[in-house]
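Number of protein chains: 2
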Amino acid sequence: MAEDKKKTRTTVEIYGHPYTISGTETSTHIRLVAEKVDEKMREIQMHNRFLDTKQIAVLAAVNTMNEYLKIKEELKKMQQHLRNEEE
Amino acid sequence: MAEDKKKTRTTVEIYGHPYTISGTETSTHIRLVAEKVDEKMREIQMHNRFLDTKQIAVLAAVNTMNEYLKIKEELKKMQQHLRNEEE
Chain A
1 MAEDKKKTRT
11 TVEIYGHPYT
21 ISGTETSTHI
31 RLVAEKVDEK
41 MREIQMHNRF
51 LDTKQIAVLA
61 AVNTMNEYLK
71 IKEELKKMQQ
81 HLRNEEE
Chain B
1 MAEDKKKTRT
11 TVEIYGHPYT
21 ISGTETSTHI
31 RLVAEKVDEK
41 MREIQMHNRF
51 LDTKQIAVLA
61 AVNTMNEYLK
71 IKEELKKMQQ
81 HLRNEEE
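Taken in sequence, the protein lines are chains A and B. Sequential numbering of the first sequence, starting at 1, is according to the numbering used here. Sequential numbering of the second sequence, starting at 1, is according to the numbering used here.
Keep in mind that the hints are not guaranteed to be accurate.
Just so you know, same-sequence chains aren't split out, so a pair can sit in one copy or run between any two.
[To be verified] With a straight-line cut-off of 20 Å between C-alpha atoms, the simulated SDA-like cross-links for lysine to any residue are:
no., residue 1, residue 2
1, 54, 38
2, 77, 29
3, 70, 9
4, 70, 23
5, 54, 18
6, 76, 29
Please keep in mind that the hints were generated in silico from the structure rather than gathered at the bench.
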């Protein structure tokens, strides 16, 4: 339904700075996403105290992209497996 | 096998800056991850020319985390579905 896809604007705090995120996700989902990015950045900073915020943010993106690509591959394999079973 | 899990150190360029990533992934995989983060940052920059690199990197992390959480949910549902079918 078109109603479900209405745009939201949510302001979140990540690593001490405000960001306004707009999109079709719910504000609750955006807040969860922001919380996880904030957590990841703080975790990276704890292990690499010499990095600046830009570097920490890039590494958080790298880390998340790595997990995303791995899980995407896992999902692809499972879908392939299901298709093979159906044939 | 322990051999498969040996540590690699790969230097990549993301958004014009070098990053040395260490981990158990292959260098080929790390280069792919870095390329995707670089692409995403350039895409964000194109749509938001007033943002600085730190903000672009944080938004790239947010964007990727959003996709990661969605695909993770999809995988969970599929696994649940398979378990229900097995019962």
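Could you place residue 77 and residue 29 in one of the four classes (within, between, both, neither) given a Cα distance threshold of 20 Å? Between copies, since 17 Å is at most 20 Å while 27 Å is not.
Can you tell me if residue 70 and residue 23 fall within 20 Å by alpha carbon in one copy, between copies, both or neither? This pair counts as between: shortest inter-copy Cα distance 14 Å, intra-copy 25 Å.
Using 20 Å as the alpha-carbon threshold, which applies to residue 70 and residue 9: within, between, both, or neither? Result: close only across copies, 19 Å inter versus 30 Å intra.
With identical chains treated as interchangeable, where does the CA-CA distance between residue 76 and residue 29 reach 20 Å or less: within a copy, between copies, both, or neither? Answer is between: at 17 Å across copies they meet the 20 Å cutoff, but 24 Å inside does not.
Is it within a copy, between copies, both, or neither that the alpha carbon of residue 54 lies no farther than 20 Å from that of residue 38? both (13 Å within a copy, 13 Å between copies)
Can you give me the call for residue 54 and residue 18, within, between, both or neither, at a CA distance of at most 20 Å? For residue 54 and residue 18, both the intra-copy (15 Å) and inter-copy (12 Å) Cα distances are at most 20 Å.
Checked against the numbered hints given earlier, the structure satisfies every one of them.
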